[in-house]
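J.: Take a look at the letters that make up each chain.
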Amino acid sequence: MLSKVSRKLLKGRGHTRGGERALPYLLIAPTVAVLVALSIYPLVYAVKVSLQSDSGDGARWTLQHFARLLSDDFFRSALAHTLVYAAIALTVEFLLGLGLAVLLNREMRGRSFFRAALLVPMMLPPVVVGVVWRLMLNSSFGVINGTLQSVGVNTEQLTWTGTPKLAFASVILVDIWQWTPFIFLILLAGLQAIPEEPYEAALIDGSSPWQTFRHVTLPLLKPAILIALLLRTMDLLRVFDQIWILTQGAPGGATETASLYIYLTAFRFGDFGYAAAMSFVLLLLTNVVSVLYIRLLQRQEEA
Amino acid sequence: MRGGGRGPGAGGRLMTYALAVFAVVAALLPVYWMLTISLKRQVDQLAVPPKWLIFEPTLAHYADAFLERSFAQYLVTSAIVAVSSTACALVLGTLAAYGLARFRLPRKLNTRVALWILSTRMFPPIVTAVPIFLLMSDLELLDTIASLVIVYTGFNLPFVVWMMRGFFREIPRELEEAARVDGDSRLGALRRVILPLVTPGLAATAVFCLIISWNEFLFALTLTQTDNAMTLPVGISGRVTQYEIEWGVMSAAGVVAMIPILVFALAVQRYLVRGLSLGAVKG
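First to last, the protein sequences are chains A and B.
In case it helps, the numbering used here puts the first sequence at residues 1 to 303.
In case it helps, the numbering used here puts the second sequence at residues 1001 to 1283.
Read the hints as simulated data drawn from the structure, not as lab findings.
A few of these clues could be false.
[What the hints assert, rightly or not] If you want the footprint, here are the derived chain A segments under chain B, 3+ residues with CB under 8 Å:
hint: 1; stretch: 157 to 168
hint: 2; stretch: 237 to 250
hint: 3; stretch: 264 to 278
[As the list claims (entries may be wrong)] Computed cross-link-like contacts, EDC-like style, restricted to lysine to aspartate or glutamate with a CA-CA straight-line distance of at most 16 Å:
hint: 4; chain 1: B; residue 1: 1108; chain 2: A; residue 2: 302
hint: 5; chain 1: A; residue 1: 48; chain 2: B; residue 2: 1138
hint: 6; chain 1: A; residue 1: 48; chain 2: A; residue 2: 271
hint: 7; chain 1: B; residue 1: 1108; chain 2: A; residue 2: 301
[Said to hold, decoys possible] With the C-beta cut set under 8 Å, the calculated list includes, among others, these residues of chain A facing chain B:
hint: 8; residue: 31
hint: 9; residue: 59
hint: 10; residue: 131
hint: 11; residue: 133
hint: 12; residue: 286
C-beta: ideal position from N, C-alpha, C; glycine also.
Input sequences plus hints: build the corresponding full structure.
T.: Printed below as a string of structure tokens:
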């Protein structure tokens, strides 16, 4: 295909400046067209859907869906679940990931094996992660309760995904299991990119290990930390797959995140207009984070 | 020793190993457990205390899932969707990446277009899932493999553009100029000189796209309804929620869904950091 395009270009305009000038646009245009069709157009379409009432035969323009947003307690609690879930998971994943990265950032035998093994959870299909943990957490036959029972613990209260608080904790636990390796991996790459010299200087100054970490490592690791946290936050705010397999939002909506609630509204209750309206709130929320990420990349580009 | 400051003593080293081993066990044990469930008879699956190592293995659940039920078909669909969408995205995205990496466009258009392309990947999927479902329904493409190939191509494109743009930029301009002095056109130089140099990067990018498409769940769930176009994750999720206790079939399908991904992930380990950060960390 490449050669066909190039031959055509050569035949048409040869090596003239005009052909040369058009070439980059010709190369970029198909990608831009596909992305406009698959993300900008659907967004515009969603605006239209969210502003029309689907009752009756003719579509009517209305603000009813957006008005409903303000008084919908379920949506408010879904948003709250999303934010709390994101905040807790991000904090724990960051601390554990940073700890692991510092730990494994030294010459040691088997390091590449450790690193490869730690990647497994995050590469798994999210649906498989859901299956794995459903097997583990089942309150009657799961291996966690089975193990606890065999050492004499009464597991009657340990229903994992059965009671609201425990279910919420369980889905967060699964997220931590799956995504701590992501933070670990990015921070390890960041640590390995730090040169020797600042450490030698700190050694000469007689800094303690903690001081060195605080005043040398952390500042130099900041770009990697920012990237890891921003990417993770974007993903946490949209979480859907594992929770769908683990609880489908149950019990009683305790694990219902914004994405789940929107999904159920659209595809279980067929209320596409309201689902579209809610999805704009979620978009706004993630946008704050993605704008920060894009600014960061922009600064990198211009540097 | 980098980053560590001073070398840890023997006790410190032992601690490090103990913690590293603990982390690896925590990461792998749940996955190992699913593997054993897929190979156990039902009595052994539910045994208390749990049977970690010693049980009589059986392949019955695999036969059940892939011969008796439709999982073989889901597997084929997943493969078709992943390969087609990866191929489309690679062709389009590589050309765009070359255009963005190697030409100076006016008004900082290079950076602006590149960042815009990336921003399309940052929408939460549920935001576009609702309108895309309605659009596909208008086009009568619901429950077809084509709909998934189209959507996943869109997913993969920004990724390909950012990865390949990075790889193109790492190639010295002089090489290309030399080829052009030898009489190659711009695209001739791309094909003869540049592409062979970025082949490892191209391969890694392809593998990432395969992983992304293979793992995708939300769109596959909304756009497919029957065995016609269901991918492996959707097939698995259907069993999970319908028949709670069919652990064997679920785990067998889960193991099969996971194996290609693990092989792929090991193959692109070197580029993993770059891929996961969308090219932001060179790793």
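J.: Does each hint fit the structure? Answer for all of them.
T.: Hints and how they fare:
| no. | hint | result |
| --- | --- | --- |
| 1 | 157 to 168 | violated (count 0) |
| 2 | 237 to 250 | holds (count 7) |
| 3 | 264 to 278 | holds (count 5) |
| 4 | B:1108 x A:302 | holds (10 Å) |
| 5 | A:48 x B:1138 | holds (15 Å) |
| 6 | A:48 x A:271 | holds (14 Å) |
| 7 | B:1108 x A:301 | holds (11 Å) |
| 8 | 31 | holds (4 Å) |
| 9 | 59 | violated (12 Å) |
| 10 | 131 | holds (4 Å) |
| 11 | 133 | holds (7 Å) |
| 12 | 286 | holds (5 Å) |
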